[in-house]
Each structure stands twice: as structure tokens, then as C-alpha cells.
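J.: In case you want the letters, here they are:
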Amino acid sequence: MNRYLKLVHWEIMRFWKLLAALAIVTIVLQCVGIIYETQRYTSQVEDQVQMNNSTITAFVQQNGKLSFSEALERAGLSFFASIALCIGGLALYVFFIWYKEWFGKNMFIYRLLMIPTARRNIYFAKLTAILLFVLSLVALQLVLLPLENGLYLLVGGDVLFKSSSIVDLIAGNRILMFLIPPTFADFVIYYGFGAIVVLIAFTAVLLERSYKLRGVLAAILYLPAVAVFMMIPFLIPGNVTETYLYPAESFGIEIALGVIVTAFTVWLGLHLITKKVTV
Amino acid sequence: MEVKFNNRDPVYLQVVRHFKEEIATGKIAKGQVIPSRRELAGTLQINPNTAQKAYKEMEEQGLIVTEGNSPSRITTDEQVLQSIRGELIADAVDAFVASIHNIHVPVDELLAIVKHRIEDSYAKQTKEGSSHD
Amino acid sequence: MIEVKSIRKKYGRKAVLKDVSFTAEKGQITCLIGINGVGKSTVLKAIMGLTPVTDGTILIDGKPLSSRVYEHITFIPDAISMPPGMTVDGCIQFMKDYYVSWNPKRAAELAGFFKLSGSDRVGELSKGNAAKLNLLLGLALDVDYVLMDEPFSGIDMFSREQIASVFTSHLIEDRGVIITTHEINDIEHLIDKVILLENGLVRREFDTETVRQEEGKSVMDVMREVYNG
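Chains as they are written, first to last, in the UniProt record's numbering: chain A, 1 to 279; chain B, 1 to 133; chain C, 1 to 229.
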């Protein structure tokens, strides 16, 4: 087994407990949210029916059944808090995956940097680990949705509630649409963008670890520099991009710029971890 | 084997001297196999390089001999063995003379003091030796 | 041979190493001596590529450091560099996983000699045992050079003696060793060569036996001369 894969395995071993905790919190929060939502809706309907001296059957005839997709919309924050928590947790870990090596009196960074393998393997192992964590949580969400759909009907019954197909679920919700893009092109764009952000964060950390305060300053300047670079097509005077280029063309340019930013960011990160980082 | 090293004389020479004392007092017999440099380093708590250097010095002085692949032994050359005792005595007396020289003690008085002291010292050694055994 | 040639190191505006040059031979114990904060650890880290130098070159057997060299040279920092939750066995397994030069037989021998229990966690080890595990992780590698940062600091007498005895054993024999210390007492008669550092400069570089033989001085005597004179 080569050392890069060993390092990926090592990163996973060190985070899996926290990842499992995030997964459990997600499952619990979402299930509780769904159960709560069905109860709330049921009692709301019952109240309304009582007030109007009507029947539930009449109510359903008039308003239709509440689909799982609509229920998620109604649940709002109580459901999506878990997703926000996972995103926040992983976002923090993008930094922590580096800083933990320097923590405490037993600094693991000594050992890590002295492993007889190119240092880029350390960098890419951490990147791979982060991407795997993200994808595993997304996969969990994807698996959870149909299960939760089942739970929804089980708890609420099929008088007031009806299920939604996974496609409707995702299409009906902006956050889910973002997490689980409908087309492969969207997937590449969203996750590619996400990966660039992670890479920039890695480079920022390595700048700080190499140059301390000056590095922090450089990292802070790096972000707007990247933003400006990415917006070059829109900054050219005379609105050339919007006037002369087809959307597909400006999209192509953006992809090219994204590749350049990625390449430079990775190069800088690898240069820092190989030559400049200090324990 | 325990040796108290001082820090001002080369350690390897102190090791050589230690061997000479052992030979002169009969603690090591002529022709006896000496420990390997690794064993010596371990027992004396010294750097293996120093042990190596000490053995090299002893070989040059003819104190130990190595034949072919067999382990090194203390020499059986009577002449060398005899000279060790004389050399040790001469060294000690030289050092003593050098330090007492400036005090100008009359020889008779000095010899009396030395006699007294050395008798005490031997007596103590014998007593300690018997109580230990 | 490890060759350190005119290295300089600045932290911000402060020059920690102004001009440091020395060599450390294979088969010898070289000791970097200086008061705390003089940059001894920085020299070791620079040799290991753990901190960049502002100027100068470092060669190990004639070659600059690369990741491949980590199979030939190792560094034992002043505190163990393994996560506190890891067990002694876990640490040993980790080393075995990553280093071709790991010698399991020697690791077992050292664990026995130091009486380390495999199921103990790094974070729960006594200072002495942590230092011993730290030493084990470095010495069980079949490497040509071992760098040790203050192997004797902050541990009890008994552990010190055990660790000192490592220096007289086959574990060190034939390797090139560089150790740093701010107190020489424990090991004065063990070391072959001394580099005295002061204010970022090498004040003196000498062979201990040569100085004893030619000048009749102990390492302490030379240190007194250099630091007081």
C-alpha cells in the first residue's frame, strides 16, 4: 500500500468518530424534525376542522395531502439545521485538519513531515480526506431522504400525508439542489468550486504556518486577488463579456480561469509544505 | 567493573590505565580473554569508539594481543607484564612528587607521613574487603 | 557525514543563527552545547528540513535533504510527537507502516529494555516513559544518523541513567549522533565532539579526547573559558 493511501486512511481514522457524531446528529435532528412536523400539521388540521365543523376527508379533498417535499419546506430550519451543522463542522475541519498537527506538546507535525515520502502526499491526503468526508455526508443525506419519506408516512399516516419522489424532493428544495446537483455538469461546477475554496483555505493555513503574521496578511490578500482574477471577464471595460460572448463562451472562460487558480493555489501550497513550512 | 572517570584526562587512557591496574593487582590474569569493545563500552558506560581507541592503544603498547579471528587476550609476555607494575608506580610517584615538590617537606618527615597514611589505607581496604566477602 | 555550512536563520528580524558551520561524522557522538534559546533545536530542525534556513547549505553524505533521506536520518524531538490518544503499540505500528528502515526486532528489544507496556496511551505515560518511547521510535530505525534534542531534560534520575546507557550500546554504535544539551554533566565522558554555540555563532568546535590529551582540559573547562573569557 503506498504512503499516500496510508495517509488518507490515517486522516480518516482520526476523524471518523467526529464524522460519525455529525452523521448521528443529522439523523436524529432530521427524524425528530419530521416527526414533530407531522404532529404539528396534524393538530393544525384537526384544529381547523374542528373550528369549521368540517371533516378531515373534506379538508384533504379541498387542500390535498401534504407531500414530504412540502413538509420539509414547512419544517425549514429545524430540518436544515443539521445540514448547516455538517457544513459548518467540515468547514472548521478544513482548517483544523492542519492545525491539529501543531496542537499540544506532542506536535505530530514533526513525525508527519519526516515521513519518507514526498510532502505533496500529506497535502493531497488531507484534501482527499476532506472531499471524502463531504461526499460521505452527502451520500448519507441521499440515503436518508427515502428512509425519512417512509418514516414520514409511518408516523403521520396516509390520510393527511403523501410521499414525494427523490427527484421532486431535490428539485423542490434549493439547499438539496445545491448539495445533490441535478446534472453532472452542475455537480462538477458546485463541487469544483467547493474544492477550490478548500484548496485556498489549505494554502492560507500553510502561508500562516510558514510566515506567521505576514502569512496571515498574505492569506487575507490572496482571497480578494483570486476573486478579482475570476471576475476579469466582467471587469473588462465596455461590457465585452456580456455583449459579445455567448454564455457558454464566458462559462468556458470561467472554467479556464478556475483551472488556473487551482493550479496556482496547489503549486503554492505544495511549495510551502515542501520548502517553507516550519514546526 | 566500575571506573570513576575524571573529565580532564582522555577517557581512553583512563581505560588503558584501568586495565593496567587490574593486571598489576592480578585481577586479570595473563592470557585472559578480554571483553569485546561493545561489552566493555556497556560495562564501563563509555562510548564504543572510546573502547575501540583504548584497545588500539593497548595493542600498540603490547598489553593485548589478537591472533587471527579469535578474541583479544591479555599478553603473556612477562617482560611487558613486569613493566606495567613499575610504570604504574612510577606514574603515581611522579604525580605525587610534582604536587609535593613546592612544599619542601624534609624527606624523613614525608616518608613517615606516607608510611602512616598508606598503612591506614591498606588496613581499611582489607577490612572493607573482608566485610564485603 | 553531516555538513552544516554557514547557515543563517531569522525569525522576523531576530537572527537566531548568524553563521553556523560544523560537521558531524558517522560513528561519532557530536554534542551541540549552548544555553537555552541559543538555537540548538533550530539547527537540528534545519538539518531535518523542518524549518527553512535563510541562507547556507546542509548536506547529508554529500546530498541535500530530500524525503528519501528520512530513511537514513532521524530526529528525536524533545517531546514525543505522537497523538496522545495513541497506544505504544499503535505508535510502533505507525512507524512500521511508513518506514522501510524500521527494525521490529530492535523495537521489541528496546520496548523490553525500557519496560514499556504496549497498551499504554501516549498521553498517559510518565515523563520518563514518554521520553523512552520517543527514543524507541527513533532508535528502532536502521538509520545512519540520529539527531536528539535534549534527551535528558526534565526526566527522573533513573530514566536518565537508562537513557545514558543507550549511548554506550550497539544502538548507537557506528551511527552518527548529534545531540543538544544545555548541561553536559551526564554525558561528558560519552561524547566525541563538542560544538559550542553562542549568540548564533559557533564559538568552538573540538574533539573531547584531543582537548583532554593536549590541553588537559575537561569539556566544562573549555566551556568556562569560552563563556567567561
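By construction, these hints were calculated from the structure, which means they are not laboratory data. In this text the structure is predicted, and so the values were computed from the model without any measurement. Positions of the beta carbon are idealized from the N, C-alpha and C atoms, including for glycine. Check before you lean on any hint, since a few could be wrong.
[Said to hold, decoys possible] Going by beta-carbon spacing under 7 Å, a handful of chain C positions derived as facing chain A: (1) I60; (2) D61; (3) G62; (4) P64; (5) S67; (6) Y70; (7) S81; (8) F206.
J.: Now, for every hint given, state plainly whether the structure supports it.
T.: Outcome of the hint check:
no., hint, result
1, I60, "violated, 13 Å"
2, D61, "violated, 15 Å"
3, G62, "violated, 19 Å"
4, P64, "violated, 12 Å"
5, S67, "holds, 5 Å"
6, Y70, "holds, 4 Å"
7, S81, "holds, 4 Å"
8, F206, "violated, 30 Å"
Hint check: violations occur at hints 1, 2, 3, 4, 8; the rest are consistent with the structure.
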